[in-house]
Each structure stands twice: as structure tokens, then as C-alpha cells.
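**Student:** Here the structure of chain A is known, so what remains is to put chain B in place on it, guided by the hints.
Taken in sequence, the protein lines are chains A and B. The first sequence: position 214 = 214 (our numbering), numbered continuously. The second sequence: position 28 = 368 (our numbering), numbered continuously.
These are computed hints drawn from the structure, not numbers from a lab. Treat the hints loosely; a few may be bogus.
[Unchecked claim] Some chain A residues near chain B, calculated using beta-carbon distances under 7 angstroms:
(1) Trp150
(2) Phe220
(3) Ala275
[Claimed, not checked] According to the in silico footprint, chain B covers these stretches of chain A (three or more CB under 8 angstroms from chain B):
(4) 223-232
(5) 247-260
[Stated by the list, open to error] Pair ranges (Cβ atoms, derived):
(6) A/Met222 with B/Asp629: 28 to 36 angstroms
(7) A/Gly225 with B/Thr378: 44 to 52 angstroms
(8) A/Glu124 with B/Asp670: 46 to 54 angstroms
C-beta atoms are modelled at their ideal positions from N, C-alpha and C, and glycine is treated no differently.
Protein chains: 2
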Amino acid sequence: MRTHARSYPAFFLAVIASLVVCTAALAEADPLPSWNDTNTKNAIVTFVEKATTEGSADFVPPAERIATFDNDGTLWPSHPIYTQLAFALDRVKALAPQHPEWKTTQPFKAVLDNDMKALAAAGEKGLLELIMASHAGMSTAEFEKIVTDWFRTARHPRFKRPYTELAYQPMVELLEYLRANGFKTYIVSGGGIEFMRPMTEKVYGVSPEQVIGSSIETKFEMKDGKPVLMRLPKIHFIDDKAGKPVGINEFIGRRPVAAFGNSAGDREMLEWTGAGSGARLMMLVFHDDAEREYAYGPANGLPDTKFGTFPEALMKEAKAKGWVVISMKDDWKRIFAFDQ
Amino acid sequence: MRTHARSYPAFFLAVIASLVVCTAALAEADPLPSWNDTNTKNAIVTFVEKATTEGSADFVPPAERIATFDNDGTLWPSHPIYTQLAFALDRVKALAPQHPEWKTTQPFKAVLDNDMKALAAAGEKGLLELIMASHAGMSTAEFEKIVTDWFRTARHPRFKRPYTELAYQPMVELLEYLRANGFKTYIVSGGGIEFMRPMTEKVYGVSPEQVIGSSIETKFEMKDGKPVLMRLPKIHFIDDKAGKPVGINEFIGRRPVAAFGNSAGDREMLEWTGAGSGARLMMLVFHDDAEREYAYGPANGLPDTKFGTFPEALMKEAKAKGWVVISMKDDWKRIFAFDQ
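Pulled out of the complex, with its shape left as it was, chain A reads as follows (with noise of 0.2 angstroms):
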């Protein structure tokens, strides 16, 4: 008798012990649990399950499992513009009390004015100047902080949320499920490489020696006796269209297996990956959510935009090529982490 008293309660721990982990092995079963039950999602565990599977003909060895990820309008949005756009604009404006010529100067006399139509009239040279006025002139280390400090005050104009909480919850979640199947997820973005680093490990997982960015020139120099890197106002790489795959070449020498994009920007990318033999995973969201979102194409007739333009042509190309085109409508449980 006492014997099986005794049994009762190992009886009871052992249940306890497989609803405990049979509950965990449920959590597990999802680990995108933000995304729809599409074919979409579908796409994305049959490729990690095919690149995973030891003996499969798919098989990617952990070396070399890289998955690269660009980050305006992939992983945070690129609108009503592109972060570090809305970045320089501050900082012109801070900066502004130090330089009385801005006033009557293009473009930053539209900056100070908020002229949006003077602005976009200074196009790209003017851009540029923006950027340099706003990028360079300080060393590495004063620009982190800058970054750094202007993540911590600055908002959303839409979501009125820091920029750092706008990361689109099932893309976190699609890095996870990837770094959990040993894969090294890179980011490699038209934007600058030290724009991003400060908030990617925060924001993504993704540690500064995974980000590729564009850069300006950086010089070494003594100053007070102590060693300092001085940005430039010069460009050193950019990292978009024809350079991404450059940029990958370069900064990892490997090529990708699997690729995420969102615009024209990303399109070589994509078809660089694609080339390599074996498993692939290329993917396009498409930002067809105005309500939750934004809505932009100019594909599918949605309305044409300089932030992330994506062209008839790219939705042509990936049904051709097999890229999987991601719905932010249909394939999203929800955008942000804040979202119900």
C-alpha cells in the first residue's frame, strides 16, 4: 500500500511533466505566429525544413546559411520617408543656429521652412548635401551617439511611436525562426551602415558585424594624442541596386541562400541569390495595407512612390522567377508589435 501511495504523486508529476512539455513542444510548433496561414508562410518552413534536413538534396550546411534581409520597407517602413531622411532633417535644423547661411541657401532654406516642394526641387545633388551636412564632420564614435540619441527622442509623424518600436513583427519573427535554424541573418541596406548599427542589435538580433549598409569615407587620425576615426564628406560605397550583391561579395564572401526585399532597389540581390544552386528562399513584401500600413506599388496599380518603388516589372521577374510575394494584407497577422 505504501508502495503505491507513493506512485500516485510520481503518476501526477509525470502528467504534469508532459503537459509541460507537450505545451512547450504546441509553442514551438509556431514559430510564426504573426504571420497568416498562407502559402506565403508555407513557402518559408517547407525552405527552412528542405535547408535543415541532413541527407536532403537541399541540404545547406550551417556555414554557410546566410539569409540576407534589406531594411527600409522589409523590416521597418520607408514611409512618408526613409528614417534617416527624417534623421537629416533634425539634424539640419539642430544644426542650423551654427550656420545663419542655411537661411537663405538651397536646400537647407527648405529644410527650416518645411518645404517639401522645394525640397524634393533640389533632387538628388541636394539630397547628398543634406546627407553630408548632417553625416560628416564628426568622428565615428560622436555620430553613434548623435544616432543613439536622436532614436531615443524622435517619433513617427504617423505612429507616434520611436522609429525603434516600427519594426514589422513577423519579419522579427521570420529572423528568429532563421538564427534558431542556424542561419546568420545579415542586413543589407541602401542606408547607412552607421545609421543602423546603433539600433539593429535592439530592433532585430542582429549584431553591427552583420550590417552592410552604404558608407562615406572614414579617415584615421590623432587627436589629442588618442586615435579617432573622422567621417568624410565623401562617399565611400553605396549599397543598393548593383551594389547589394558587391556589398555581399565583399563584406561576406559567400553568397546568400535566401533573400528579402521589397523594392527595385533589391532586385539584383535577389537574382544573385537565386543564381547559387540548392535550396533558395527569395521574397518581396509588398506593401498593399494602407489601413494598417501603407499602400504603394506602382504594381498591381497601387499609387507610384520615391520611398521603395515597386515596379510592374519586379512583380513580372518574381512570378517568373518563383520569389515568393509577400501580401502585408493577407500574409500578416498583424504589422507591429503593438498591434492586436
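**Tutor:** Showing chain B alone in chain A's frame:
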């Protein structure tokens, strides 16, 4: 009695098990068996213990454990000439039949005639011409194959072995010791990034994405409907001297806590590393072993060299800043894995 009889084998098993454990522990006790027990070895072990002891004032969080290594003269020989220069000379000879004009044009004529005096007279401009003729004009995939094939067949003129067998065994152990303690080991070399990548994993255990080096420009192109990266005869980045901190900042985005070099080309990398706070280790390999490898300075009165110069001023700076100078002769039990 039965109980006793049973306990004997158990006792012996326990003894054997503890012997196995102790032997393993003893084996683990010296992670640097090719290093003599000198202050130099002690400096390495002390640094690693401080950096990895949680709660210690010098503790370095795993994510920040970045160690950077120069290649030529630090991880393998840079004499009698840089390995990559030997490759360039071999390539010029192999390509000569397609370039009949080289028979009468310098610096190519000098290479084909094995006229080292005329080659030296061609200077840096001549060297650059040789590099471009041998390193550009093909796709990155083609270049990788050319380099891989060359490493398979080329032999070092003195040691009569493949260059890939000439890694300094003490440095290979140091790389492994650091990785075993959570460090990410990077190569930061003046050598070509795409010349090194085909061999660094095999020779040093360093994966392609942890190799930083000099580069020429590459261009994304469609060839027969397939994307390729073509190598252009134009310098993109020189990862030497003041370029090393620039390259480290661009590729890694973190300041190293340990850096290893052997020549004037590594000075700024060590200064940059040393200027950070917390535990630091800066080391320079000094080639003072003509018998087992090479001896050159001009520091300490040794002969000067064009391939990895170590000037008196560097020796002075090392002493003033507490950088550890490794004497190959005194600190290394063996140089190569094949040494006794």
C-alpha cells in the same frame, strides 16, 4: 560479500574515469603547446582569463570579444616575397602566351626573364600593373578557382611545401584558444580579400565573412542570363596602415579587444585597439629566427626588408604602450606544424 564483490569493479571504473577526466584536464591545461613558458605566453593566458572571468573588472561580454590578426608575417611567412606576389608572378607567366607584347614591356618582361632587379626598379607602379593584370578581368567565381588551383600546386621556394602548410603553429593554437574562449577571430590584412578567402577556413579556421583585406572594384553584370561579379582593374580599398582601423570599423563596427601584427603596417590597428577601455592585448611577431624562419628588422639591428618591415620606432612604441613583442626564437617551441 556480493555487495563488496560488486563494489570493486565500480571502484576501478571510478578510478579509470577520474584518470580519463584528469588526463583530459591536463591536456586542456595547456592550450598553447607550441609556445615556450615565457612572459609572452603568460601575457596571453592572463589576458584571456581576465577577459572571460565574470565579475572581474576586465570582463569582456562575449559579443565584444573581437580579435584581429594581420596575415603576412603574423600568421604565415612574408618572405622571401609576399605569397600573393608569388601568385601574381606565376599568373603573369601562365598568361604570357596570350600577351606576346609582355616579352618587350616592363614590368612583365622582368617577370618573364626572372629579372628581380628590373622588377624592383619598376617600383609600386609596376607592382600595381602586375596585380591588375593577374587579379582583374575575370568573374569572382573564376578568380576563386584560379586561386584555389594555385594553392594546390604552388610550393614555397625554401620550405618546399604548399603555402597552406606554412601557418605558424603557435598562432594557429592562439586562434583556436581565443575562439574556445568566445572570441571572434578576424583576419585584417593588406593582402587581397579574395586571394585569402579560399584558404583561411582550412588553414586558420577563419570563415570568409571574418576576413578583411584589400580589394579591387567588382561590378554586377548579366552574362548569358546569369548574374556575375566581374573584377575590375581599379583599387577599391587598401587595408593597410591607417586603412586597417577604417576596414575594421566598416566590416565589424566594433573595436577589437585584441590585435596581432608584425610590421609597420599594423601600427594603427594596434593603436586603435589599445585606445579602447577594459582588458586589451596587443602583440607583434618579431622575426628574429633566421635558422627556423627569417630574421629582419631593421629593429634590433636586424637587416631591413621590403616585406614586413619592423622599424626601431615600432619597437619603441611597443615598449611605451605595453604591446607584447613575440620573439619567434625565444617564445615559439616550433614554427610550423611539421617542425619537431
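**Student:** Each hint: holds or not?
**Tutor:** Verification of the supplied hints:
1. Interface restraint check for A/Trp150: the shortest CB-CB distance to chain B comes to about 18 angstroms, outside 7 angstroms, so the restraint is violated.
2. Against a cut-off of 7 angstroms between C-beta atoms, the interface hint on A/Phe220 holds, since the closest Cβ of chain B lies about 4 angstroms away.
3. For A/Ala275, the interface hint holds, since its Cβ comes within 7 angstroms of a Cβ in chain B; the closest pair sits about 5 angstroms apart.
4. Counting residues of the stretch 223-232 of chain A whose C-beta sits closer than 8 angstroms to any C-beta of chain B gives 3, which meets the bar of three, so the coverage hint holds.
5. Restraint check on the stretch 247-260 of chain A versus chain B: 6 residues with Cβ-Cβ distances below 8 angstroms, three needed, restraint holds.
6. Hint check: A/Met222 to B/Asp629, Cβ distance near 33 angstroms, so the stated range 28 to 36 angstroms holds.
7. Between A/Gly225 and B/Thr378 the C-beta distance comes to about 31 angstroms, which lies outside the given range of 44 to 52 angstroms.
8. Distance hint for A/Glu124 and B/Asp670: a CB-CB separation of about 60 angstroms, inconsistent with the stated range 46 to 54 angstroms.
Hint violations for this structure: numbers 1, 7, 8, all remaining hints satisfied.
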